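The residues making up each chain are set out below.
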Amino acid sequence: GDSVTQMEGPVTLSEEAFLTINCTYTATGYPSLFWYVQYPGEGLQLLLKATKADDKGSNKGFEATYRKETTSFHLEKGSVQVSDSAVYFCALSRDNAGNMLTFGGGTRLMVKP
Amino acid sequence: SQTIHQWPATLVQPVGSPLSLECTVEGTSNPNLYWYRQAAGRGLQLLFYSVGIGQISSEVPQNLSASRPQDRQFILSSKKLLLSDSGFYLCAWLPSGQPKNTEAFFGQGTRLTVV
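In the order they appear, the protein sequences are chains G and F.
In this text, residue positions in the first sequence follow the numbering used here: the first is 2, and each later residue adds one.
In this text, residue positions in the second sequence follow the numbering used here: the first is 697, and each later residue adds one.
Calculated directly from the structure, the hints in this document are not laboratory data.
This list has only true hints and no planted wrong ones.
Chain G is nowhere near these chain F residues, computed Cβ spacing over 12 angstroms in every case: (1) V708; (2) P714; (3) G723; (4) Q758; (5) N759; (6) S774; (7) K776; (8) L778.
Simulated crosslink set (PhoX-like; lysine-lysine; CA at most 20 angstroms straight-line): (9) G:K53 to F:K796; (10) G:K78 to G:K57; (11) G:K57 to F:K796; (12) G:K78 to G:K61; (13) G:K53 to G:K69; (14) G:K61 to G:K113; (15) G:K78 to G:K113; (16) G:K69 to G:K57; (17) G:K69 to F:K796.
Some chain G residues judged to face chain F by a derived CB distance under 10 angstroms, without partners named: (18) P32; (19) L34; (20) G42; (21) Q46; (22) A92.
Since we're looking at a predicted model, the values are computed, not measured.
Where is the CB? At the ideal position from N, CA and C, for every residue including glycine.
Sequences are here, hints too, so could you generate the full structure?
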């Protein structure tokens, strides 16, 4: 079945540091890939997405590139802020009856001033 | 615009008691609806999804059940809670008939603690 694997957290960085959160997936066909973010006490919201190989999703300074050859979708940001502290979830979706998302385990990011 | 409501936000229940969590969506019709659980230290696990009234698909065997009595209402229930049912429950929706790259929208979640 489908699966998504993320690096375990927590990841603790100082403000303005470079961020990478690794994500790899297993799925048949050509899934769409997503990063969702969960700020403290809130539900999830979409951060960025990519639909096909070599697509780059970007939003709020975050980027991720759909790499089919390595089945990866790593999240990066050049300079993190305290406000980026949250839990980040990598996810995939394939064409199926329910269009449901398969999530990774989530990675907690803590940014210190 | 579309909104999703989920309640209650926090719940503490004794072992063996029943459970009912409700989720409603406004501003859309015939959405796909989902219940996810986020257990402590673990990722998001899909519990149930529904593509229409009365249509429920279960992804994992468990102590829980789901129902969709109305088009935009999705209910998660249990007759007798277990300690292992503790976690953060999230309701989500997607517009039906859309491509796989469509964004899903999540409720604020319910933190359930079974004591």
